[in-house]
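Same order as they appear, the protein sequences are chains A and B.
Under our numbering, the first residue of the first sequence is numbered 1, with each subsequent residue one higher.
Under our numbering, the first residue of the second sequence is numbered 1, with each subsequent residue one higher.
Certain hints may be false.
Said to hold, decoys possible - The list that follows gives simulated cross-link-like pairs (lysine to aspartate or glutamate, EDC-like), each with its CA atoms no further than 16 angstroms apart:
(1) B/536 to B/625
(2) B/17 to B/523
(3) B/138 to A/41
(4) B/26 to A/29
(5) B/26 to A/76
(6) B/628 to B/430
(7) B/462 to B/644
Because the hints were derived from the structure by calculation, they are not lab data.
Only a predicted model underlies this, so the values are computations on that prediction, with no experimental measurement involved.
Residues per chain are reported as follows:
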Amino acid sequence: MPVVSMQVNGQTVRAAVEGRTLLVQFLRETLSLTGTHVGCDTTQCGCCTVHLDGAAVKSCTVLALSCEGAAVTTIEGLASERGLHPMQAAFREHHALQCGFCTPGMVMSALAIVSRCGPDLDQATIRRELEGNLCRCTGYHNIVKAVQAGAAAMKEADRP
Amino acid sequence: MDEIATDSRIGQPVRRKEDERLLTGKGCFSDDVNLPEQAYAVFVRSPHAHARIRSIDARAARAIAGVLAVLTGEELLADGLKPLPHVPFSMHPAEIRLANRDGTPLFSAPHYPLACDKVRFVGEALAVVVAASVAIAKDGAEQVAVDYEVLPAVVDTLAAAEPDAPRIWEHATSNVCLDADAGDRAATEAAFARAVHVVRFSTQVNRVTGVTMEPRAAVAQYDAARQRYTLYAGSGGAVRLKDDLATVLDIPAAQVRAVMRDIGGNFGTRGMIYPEFCVVAWAARRVGRPVKWTCERQEAFLADYQARDLAVQAELALDAQGNFLALRSSNVGNAGAHPTNFSPLQKGVEIMSSIYRMPCAFVRARAVLSNTSPTRPYRSAGRPEVMYVLERLIDLAARECDFDRIALRERNLLRQAELPYTNPFGMVYDSGDYHGAMAKALELGDWAGFPARREQARRRGKYRGIGVANYVDTASGVPRERAEISVHPQGRVSVVVGTVSNGQGHETSFAQLVNEWLGVALERVDIIAGDTDIVKVGGGTHSGRGMRLISIVVLNASRQIIDKGKRIAARLLESDPSRVRFDAGRFEVAEGGRAVTLFEVAAAAERLGDLPEDLRGPLTAFSDETVKEASFPYGAHVCEVEIDPELGAVEIVRYAAVDDAGRAVNPMIIHGQTHGGIVQGVGQALYENCYYDPRSGQLLAGSFMDYTMPRADHFPPFDTHISEVPSTTHPLGMRPAGEGGTTPALAVVINAIVDALAELGVRHVEMPATPERIWRAMRAAAGTASGNSSTPMPQAQ
Numbered sequence: 001m002p003v004v005s006m007q008v009n010g011q012t013v014r015a016a017v018e019g020r021t022l023l024v025q026f027l028r029e030t031l032s033l034t035g036t037h038v039g040c041d042t043t044q045c046g047c048c049t050v051h052l053d054g055a056a057v058k059s060c061t062v063l064a065l066s067c068e069g070a071a072v073t074t075i076e077g078l079a080s081e082r083g084l085h086p087m088q089a090a091f092r093e094h095h096a097l098q099c100g101f102c103t104p105g106m107v108m109s110a111l112a113i114v115s116r117c118g119p120d121l122d123q124a125t126i127r128r129e130l131e132g133n134l135c136r137c138t139g140y141h142n143i144v145k146a147v148q149a150g151a152a153a154m155k156e157a158d159r160p
Numbered sequence: 001m002d003e004i005a006t007d008s009r010i011g012q013p014v015r016r017k018e019d020e021r022l023l024t025g026k027g028c029f030s031d032d033v034n035l036p037e038q039a040y041a042v043f044v045r046s047p048h049a050h051a052r053i054r055s056i057d058a059r060a061a062r063a064i065a066g067v068l069a070v071l072t073g074e075e076l077l078a079d080g081l082k083p084l085p086h087v088p089f090s091m092h093p094a095e096i097r098l099a100n101r102d103g104t105p106l107f108s109a110p111h112y113p114l115a116c117d118k119v120r121f122v123g124e125a126l127a128v129v130v131a132a133s134v135a136i137a138k139d140g141a142e143q144v145a146v147d148y149e150v151l152p153a154v155v156d157t158l159a160a161a162e163p164d165a166p167r168i169w170e171h172a173t174s175n176v177c178l179d180a181d182a183g184d185r186a187a188t189e190a191a192f193a194r195a196v197h198v199v200r201f202s203t204q205v206n207r208v209t210g211v212t213m214e215p216r217a218a219v220a221q222y223d224a225a226r227q228r229y230t231l232y233a234g235s236g237g238a239v240r241l242k243d244d245l246a247t248v249l250d251i252p253a254a255q256v257r258a259v260m261r262d263i264g265g266n267f268g269t270r271g272m273i274y275p276e277f278c279v280v281a282w283a284a285r286r287v288g289r290p291v292k293w294t295c296e297r298q299e300a301f302l303a304d305y306q307a308r309d310l311a312v313q314a315e316l317a318l319d320a321q322g323n324f325l326a327l328r329s330s331n332v333g334n335a336g337a338h339p340t341n342f343s344p345l346q347k348g349v350e351i352m353s354s355i356y357r358m359p360c361a362f363v364r365a366r367a368v369l370s371n372t373s374p375t376r377p378y379r380s381a382g383r384p385e386v387m388y389v390l391e392r393l394i395d396l397a398a399r400e401c402d403f404d405r406i407a408l409r410e411r412n413l414l415r416q417a418e419l420p421y422t423n424p425f426g427m428v429y430d431s432g433d434y435h436g437a438m439a440k441a442l443e444l445g446d447w448a449g450f451p452a453r454r455e456q457a458r459r460r461g462k463y464r465g466i467g468v469a470n471y472v473d474t475a476s477g478v479p480r481e482r483a484e485i486s487v488h489p490q491g492r493v494s495v496v497v498g499t500v501s502n503g504q505g506h507e508t509s510f511a512q513l514v515n516e517w518l519g520v521a522l523e524r525v526d527i528i529a530g531d532t533d534i535v536k537v538g539g540g541t542h543s544g545r546g547m548r549l550i551s552i553v554v555l556n557a558s559r560q561i562i563d564k565g566k567r568i569a570a571r572l573l574e575s576d577p578s579r580v581r582f583d584a585g586r587f588e589v590a591e592g593g594r595a596v597t598l599f600e601v602a603a604a605a606e607r608l609g610d611l612p613e614d615l616r617g618p619l620t621a622f623s624d625e626t627v628k629e630a631s632f633p634y635g636a637h638v639c640e641v642e643i644d645p646e647l648g649a650v651e652i653v654r655y656a657a658v659d660d661a662g663r664a665v666n667p668m669i670i671h672g673q674t675h676g677g678i679v680q681g682v683g684q685a686l687y688e689n690c691y692y693d694p695r696s697g698q699l700l701a702g703s704f705m706d707y708t709m710p711r712a713d714h715f716p717p718f719d720t721h722i723s724e725v726p727s728t729t730h731p732l733g734m735r736p737a738g739e740g741g742t743t744p745a746l747a748v749v750i751n752a753i754v755d756a757l758a759e760l761g762v763r764h765v766e767m768p769a770t771p772e773r774i775w776r777a778m779r780a781a782a783g784t785a786s787g788n789s790s791t792p793m794p795q796a797q
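Excised from the complex, chain A in its bound form (with noise of 0.2 angstroms):
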């Protein structure tokens, strides 16, 4: 089997993997990385979204031997010592997860609509930007709300 190494949230990882591996197969299965979800397997929920070299994909329709030398992060690869990545806190802050499956996708599409539109979001461009991600629980109300405040959160912190 072809053997593949990248960067997951900051560490170097090398496994022997099959071609048809997807990278979300990779990262749940191979890494134990269970935070990335599938809800398709057809690129149409969200659920599995991460950031491949700094842009959101969704995973369940990546190789993982596609990723050779690339860096991916994860849900995983959010919070710091320092506790939750202000976006995290937000969504905690507005109740924008309930069920919480669909939660690690928006928050990696969260983070990447932030480094897209710049953190000065009005709702309509959240509403917009988010139309990726499918979530069955919060009717979206709460998640708009706290995209927002997360990004102007991170604004606020000069955190990337």
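Starting from the known structure of chain A, arrange chain B on it as the hints suggest.
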């Protein structure tokens, strides 16, 4: 958040304890569970809507390296597995019973975990391949050769009810498996005979599916030495899952353990045992290894239980002033391929008259089998459908008989002084301020300011409409629930409950109860659920029973803890129990100021060997209650839409909701429940549809490409308001708050759309009100009115 919690007691918008885990990727959903040496299951599913299974040839599949077993219905029967134990009706004592009008017993048919004789819907599982990996199991499943005798299929609700429709079950006399009457037929006929106005409405309430974001998954293990199964799988309740699995495996319940940690949504469709859960447990014994199955989204669309799908023909009789005289209806629910659950039909019938003064009513309620996935309760089972029908009837009555739609509702809406009120089906609404809720919703939705907004919309070339809908919900479910509280001297309190959280935040809101009554800080309270080795009794999470019942048993158990604690504290404080008072986690002697904490008392109970027998040992108490009252949450929603005349596209521009929770334990969580509920209701009204092709019986909405899900950019911010008029049938005044968001949403959205298009002559638009349907309705109405087939643009007035 707008509201900040000042403490952790009842009524505070306390931030959730479960969130840190879920936000950092440390949740434990079903697919996150892995067991050493586990094998993987992939199901062989029917490509046909209806076919006889002539034979299954699994030799090629078994020959693949890594395939451990291929199991079919034949082996399942040979091993003595039993059908799934469906309970077709809610047996709650407050609810009506539906029985066949001709006195014949209820139709039943065995629902085996794998199809044995016939497949009855596309996606029904008939074999399972167990292999060393998912990929090998998939390869194996492709090699299972099934010889089908394809049979004619029927999927449409009313078509399936026809006498000559293809028969789903040969031993039935027709596909109509329940034909019941409810209400007073003679009185209703008489009322219609003297009515001045009669309004008629026919509709097919679309079929939808739960779409929990977490697809189902299950891992099962069989311990041969102890002859014991362990099943890890998310569901609506652990005890029920354990008991049902034991029934299917035909073993004592003690030989099954069911475990569930985080559950990624339920909404009812995930509420009970599934065929695949039984098969993985059985397969684990057969192959001698743990077996895991993870549902793919396409399988979820095919084989998750689905919901709604109700054909209704209804009539409302009114007198000259607009007083409701009677309601008459035919409700036909599509049960799908297996007669699993008629409670949505039952629950819909019994409150079809809603919270209006309705002197009499009569409903003929039928359930019909068809070549579709079986239906089950889904968020607010049965109620959104009938609220939609009644609120549409009221709007139609207003338009066709020239009443103001608000005045017509006000005239007929029950007043507080009329409660408790027995509705024409025998349901007793305990209490509530129905007029207040509607008035508040109209205020939040700025009903009075609507004409100006409509005028502005006209200038932008849009049709704008507004709608209102009142609702009532019946919360019932399994009446028995239990809580067991233990105070640990190390400074923690554990509470074992028989519900599970599917996202409702029980770890937080139940802990608030403990904070309120035992004065223990939230972070010291552990809510324990979802493992039948710990939880012995409990009805699970459905029908608004979580907080409603848990609050009662936690209160009772807390009182026992305090009573016991006072006696122990009296000993420690050298006083008399009658002089000990408990406040904020401390036992104090009233006059002295000497005090001991709850945890010191717990330590003393374990330490002091000479305490009376009933106080010695761990400080624990339990309460096990059967609550016979149902609860009737209610409220009113107002929705405003704009419609693009050229595209037929609908935009929801305002949405206001008033929902009565009686007493809100955590308003932040309740608002969240309402937001999500609204979106599920609007999803049904505008987007979602489990569409089966009527000729082939194929599910054409089998992925997120063709089953339209509500998304963030479909909605405006919501204006939700929690009303708190205490319920008179709950000791703490609480009403459930999980389903109110959905219950009136279907009605209010369609009422708003029709209001927008009424000036064109549009009388109704069916759900889902897609742009195509709206565009066709506008053109059809315009064509009828003017002979012109193009859609007229709105004219400023």
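Regarding the pair residue 536 of chain B and residue 625 of chain B, is the alpha-carbon distance no greater than 16 angstroms?
Roughly 14 angstroms separates the two Cα atoms, so the pair holds.
Residue 628 of chain B paired with residue 430 of chain B [C-alpha distance capped at 16 angstroms]
It holds: about 13 angstroms lies between the C-alpha atoms, which stays within 16 angstroms.
Hint consistency between residue 26 of chain B and residue 29 of chain A [alpha-carbon to alpha-carbon, up to 16 angstroms]:
Holds, at roughly 15 angstroms.
Under the criterion that the straight-line Cα-Cα distance not exceed 16 angstroms, is the pair residue 462 of chain B, residue 644 of chain B satisfied?
Satisfied, since the Cα-Cα distance of roughly 5 angstroms is no more than 16 angstroms.
Just to be careful, I want the Cα atoms of residue 17 of chain B and residue 523 of chain B compared with a cutoff of 16 angstroms; is the pair within it?
holds, 8 angstroms
Next pair to validate is residue 26 of chain B with residue 76 of chain A; report whether the Cα-Cα distance is within 16 angstroms.
holds, 8 angstroms
Checking one constraint from the list: CA of residue 138 of chain B to CA of residue 41 of chain A, max 16 angstroms. Satisfied?
Given pair residue 138 of chain B, residue 41 of chain A holds - Cα atoms ~15 angstroms apart, limit 16 angstroms.
In terms of the numbered hints stated before, the structure departs from none.
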